[in-house]
Amino acid sequence: MTEILPRSAILAGGLVAAALALSACGADSDASTNADGESAATAITAEDFGGMDALVKAAKEEGTLHAIALPRDWANYGALIDGFEKKYGIKVKVENPGGASQDEINAVTSRKGQDRAPDVLDLGSSFAYSAAQQDLLAQYMVADFIDIPDGQKDTMSRWYNGYGGYISIGCDARRVKTCPTTFKDLLKPEYKGQIALNGDPTKSGSAFGSVYAAALANGGSFDYIQPGLDFFAKLKKNGNYTPVQSTSATIVKGQTPIVLDWDYLNARYSDELKSKGLDWEVTVPEDGKFSQYYSQAINKEAPHPAAARLWQEYLYSTEGQNLWLKGYARPALMAAMQEDGTLDKTAAAKLPKVTGTPRFPTESQLGHAKDDIAQGWGKVASR
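Residue numbering for the sequence shown follows our numbering, beginning at 1424 and increasing consecutively.
The hints are simulated quantities; they were obtained by calculation from the structure and are not laboratory data. Treat the hints with care, as some may be off.
Said to hold, decoys possible - Below, a list of computed lysine-lysine pairs in the DSSO-like style, where the Cα atoms sit at most 27 angstroms apart:
(1) Lys1768 - Lys1712
(2) Lys1611 - Lys1657
(3) Lys1768 - Lys1697
(4) Lys1802 - Lys1699
(5) Lys1600 - Lys1626
To be verified - The following label-pair restraints were derived from C-beta to C-beta distances:
(6) Lys1802 - Val1675: 30 to 36 angstroms
(7) Val1599 - Gly1642: 23 to 29 angstroms
(8) Gly1536 - Thr1601: 29 to 35 angstroms
(9) Gln1562 - Thr1769: 32 to 38 angstroms
(10) Arg1597 - Thr1465: 53 to 59 angstroms
Since this is a predicted model, take the numbers as computed values, not measurements. Glycine included, each C-beta is placed from N, C-alpha and C at the ideal position.
Hey, can you work out the whole structure from these sequences and the hints?
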């Protein structure tokens, strides 16, 4: 399992604001221990801490969860945060909601030992790998850890996939006579000046994924992303590609009637823009299927270790997984939930259609692809 970047993230991410000059106080040690004096910070499972009841009690006594880089309108995080707060009475404080994975890691390292450090992280997996290698992440296995697909979790349980999706083509069917459904279609002259990305591929995860998907559609592979760069060079040369970064506002104005983006973001536009009279169609192109999932992790020195573990349990509960699904994101436990009958079938039916099983580039393949795009996108953009 490998991801690119979170949200509209910058590839390297900017440094977070200088760490606040706080004393290293951390969480109340009594609040983070159970009746036997065992610490939540060392619990690898809820059972290690005395069970879910003990974990819930300790988390409620901590009373707060520090999160970072979780926009409320991204993959239904608003509903997840509200649901957790309502269920457990624990306040979720989200810092820098539009931040990048590197911002999250910077906050962990620069605020080590401080009570303002993040408790939990939502990371592109290349960043999860990096954080694990830096020994920043706690080992913790949620109750259904075994049902998370192989290849989508760290064998030491320091991180595991939560949700994800596919690169898709969103299209304003009111303005575009025949919406494209494949990368090959995008080269047609009828789409002149209409095709946009959600940012720059050297900075934006979805734009990076779009180049990767284009490579897969044009003879490339996880090892060979150059055909994707060549594809966008063709789009730029024939005038189909527009450098305007897509947003709901640019779509409404007609500036970006065709958008390459994650399917859960394009699908959200369908709901958001319907009230404005737009018919936004979403297709996962069969000739270039590229998937990305995002990883969940706990700061090894989380100031609220019980709340951090309870948050993970909530995210991987039936309620949490279905809330991600209602945000059009494909939850990591989707296959297991389909099998046991707990998946929200109505929400699942609304997902953009896709066939097959998602495959992911390795960390090494991803690193080479990042380098190739960093070196090659400037030439594409300048043509």
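Consistency of the hints with the structure:
| no. | hint | result |
| --- | --- | --- |
| 1 | Lys1768 - Lys1712 | holds, 23 angstroms |
| 2 | Lys1611 - Lys1657 | holds, 11 angstroms |
| 3 | Lys1768 - Lys1697 | holds, 22 angstroms |
| 4 | Lys1802 - Lys1699 | violated, 37 angstroms |
| 5 | Lys1600 - Lys1626 | violated, 32 angstroms |
| 6 | Lys1802 - Val1675: 30 to 36 angstroms | holds, 32 angstroms |
| 7 | Val1599 - Gly1642: 23 to 29 angstroms | holds, 27 angstroms |
| 8 | Gly1536 - Thr1601: 29 to 35 angstroms | violated, 59 angstroms |
| 9 | Gln1562 - Thr1769: 32 to 38 angstroms | holds, 36 angstroms |
| 10 | Arg1597 - Thr1465: 53 to 59 angstroms | holds, 57 angstroms |
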